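One line per chain: the protein sequences are A and B, in this order.
Quick note: the first sequence uses our numbering, first residue -1, plus one each step.
Quick note: the second sequence uses our numbering, first residue -1, plus one each step.
Source of the hints: derived by calculation from the structure; they are not laboratory data.
All values reported here derive from a predicted model rather than from experimental measurement.
Do not take every clue at face value.
Any copy will do: because identical chains look the same in the list, a pair fits if it lies in one copy or spans two.
Capping the alpha-carbon separation at 27 Å, the derived lysine-lysine pairs in BS3-like fashion look like this [said to hold, decoys possible]:
| hint | residue 1 | residue 2 |
| --- | --- | --- |
| 1 | K3 | K25 |
| 2 | K155 | K21 |
| 3 | K136 | K213 |
| 4 | K272 | K36 |
| 5 | K57 | K21 |
| 6 | K250 | K98 |
| 7 | K213 | K250 |
| 8 | K98 | K253 |
| 9 | K81 | K145 |
There are 2 protein chains.
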Amino acid sequence: MSITKVGFIGLGLMGGSLSIALKKLPKDYYFIGLDHNKEHCKQALELNLVDEITNSLDKLKECDIIILSIPVDGIISVSKKLKNLPEKCTVIDLGSTKEKISNSIPSDIRKNFVTAHPMTGTEKFGPSAAIDNLYKDKVVVLCDLEKSEEYQVKVAKSLFDDIGMNIVCMNAKEHDRHAAFISHMPHALSYALANSVLQQEASDSILNLAGGGFKDMSRIAKSSPTMWEDIFRQNKTNLLEAINTFQSELKKCEKMVENEEWQSLNNWMSDANKLHNIL
Amino acid sequence: MSITKVGFIGLGLMGGSLSIALKKLPKDYYFIGLDHNKEHCKQALELNLVDEITNSLDKLKECDIIILSIPVDGIISVSKKLKNLPEKCTVIDLGSTKEKISNSIPSDIRKNFVTAHPMTGTEKFGPSAAIDNLYKDKVVVLCDLEKSEEYQVKVAKSLFDDIGMNIVCMNAKEHDRHAAFISHMPHALSYALANSVLQQEASDSILNLAGGGFKDMSRIAKSSPTMWEDIFRQNKTNLLEAINTFQSELKKCEKMVENEEWQSLNNWMSDANKLHNIL
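Please model the entire structure based on the sequences and the hints provided.
Following this line, the structure appears as structure tokens:
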């Protein structure tokens, strides 16, 4: 069996966990890693996430597959440096936003690219955050596939299929609006919730009482600011729309409590319960 | 060893899980259940959560301990019906609000009462929701203990201690403010988040993309409207204060994104990250 060479640009949670997932397959891989953080490079080697570290983008062009598992602004800047890719090289980015990325990839390598968003993650980051089964049974969204070469689409689909992901295809514009509602705005809420409690005088006493509900809702407030600043910037318009929608819903709740419209409040809560039938 | 008789008024998640927890102790208990929902009574017997069902409050007065594990408005109305309690009978309510309850208990049985709030739960309800280890290693807040008889305080503390809970004492007023921030307002957010997505035209496609973050944040939006309507009513003022605090934080985030103040946004996210050091 021939060896598939995979280059990881970015050795954090997403890249590291992908390495773990691929290693479990009955295939032969050779992993080369690149990360501007020297400590992460060292850890990735120690944790056996990669076989080799390089600091040369040219070296990665020898790979069959290049994974871009870095913050979304980084994906755009790295893609501009990836010139003269071999025809069969497949580049897959794992960014949480898709439209700006899809439109920014230089035209001469656009066909090599498949833009993907695995709908999975944790609040942790760095190589030591890499875990088994991060991807299994989760959804991955592939966007604007008409801009990718058929060969590259096949490579990307079979990679995500191999690690047990459910593939959903849509255009990048639609993805970004959906992602704003299902992921980006909820991150804004979680950060805002954490800050609401932390700024209270008795924050320690309050947090001492935290049960499962608060812990679940504030978990993603521990996420990387560097990564999320980029996402909020790239998906600004959709994010603001989602935040506005949420603000209107919360305002409804506030008004019903203020005006003691208890039956309406109960109905509004029952509406939310309908999530049960879907999730 | 003598048998301790425990009466459960309310055979849902909280009462049922407490029965499971007590049964694991090396003590002899006899459980009598009362619930206005006949189906729940039947299920509680089938699930072995209680030894006997009664529909007589007087019958429960024979118990050493009476647990009120019903919605908070129900706790107040039942307490008004619990007259002429034996001196050694201990009544413990598990309501999520404490001030209105603590102040509404009739004076002739106030000393029998210990008002408690176990900071644990799930979004599920009814006897079938009862689970093992719901209480273990969680915090229980005991309020206004100066209003309870020493004997009753000892009984309640040793019960919560026996099932592995960490006991925190504070006055009911302070509890209600803390609970608004750590539990009640987060429930409002979760309901509002669920409704924000469910009202979107493409809600099915959006929800199809839900990862762990959204699932965690929307989990408690599946909670019982009956139970939460009562809590929001009883803790109205604190809840509105907490919602306002949250709205200001989210507004800050919105403005920073709108005005593209990325460094300030990054700092605001880093502030939220401090939760890491505590939770």
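Within, between, both or neither, where K81 and K145 count as close if Cα-Cα is 27 Å or less: The answer is within: 17 Å in one copy meets 27 Å, while 76 Å across copies does not.
task: Check K98 against K253 for me: Cα-Cα at most 27 Å, and say if that holds within a copy, between copies, both or neither.
output: between (38 Å within a copy, 22 Å between copies)
- request: Could you place K136 and K213 in one of the four classes (within, between, both, neither) given a Cα distance threshold of 27 Å?
  value: both (22 Å within a copy, 12 Å between copies)
field: Up to 27 Å CA-CA - K25 versus K3, copy category
entry: within (11 Å within a copy, 63 Å between copies)
- prompt: Using 27 Å as the alpha-carbon threshold, which applies to K213 and K250: within, between, both, or neither?
  reply: Both: 25 Å inside a chain and 23 Å across chains, each within 27 Å.
query: When no copy is named, should K155 and K21 be tagged within, between, both, or neither for a Cα gap of at most 27 Å?
result: Close inside one copy (17 Å), not across copies (52 Å); limit 27 Å.
message: Treating 27 Å as the Cα threshold, decide for K250 and K98: within, between, both or neither.
response: Answer is between; shortest inter-copy Cα gap is 25 Å, intra-copy 34 Å.
message: Regarding K272 and K36, is the shortest C-alpha distance of 27 Å or less found within a copy, between copies, in both, or in neither?
response: Between. Shortest inter-copy distance 25 Å satisfies the 27 Å Cα cut-off; intra-copy 48 Å does not.
- request: With 27 Å as the alpha-carbon cut-off, assign the pair K57 and K21 to within, between, both or neither.
  value: within (21 Å within a copy, 64 Å between copies)
When held up to the earlier numbered hints, the structure conflicts with none and fits them all.
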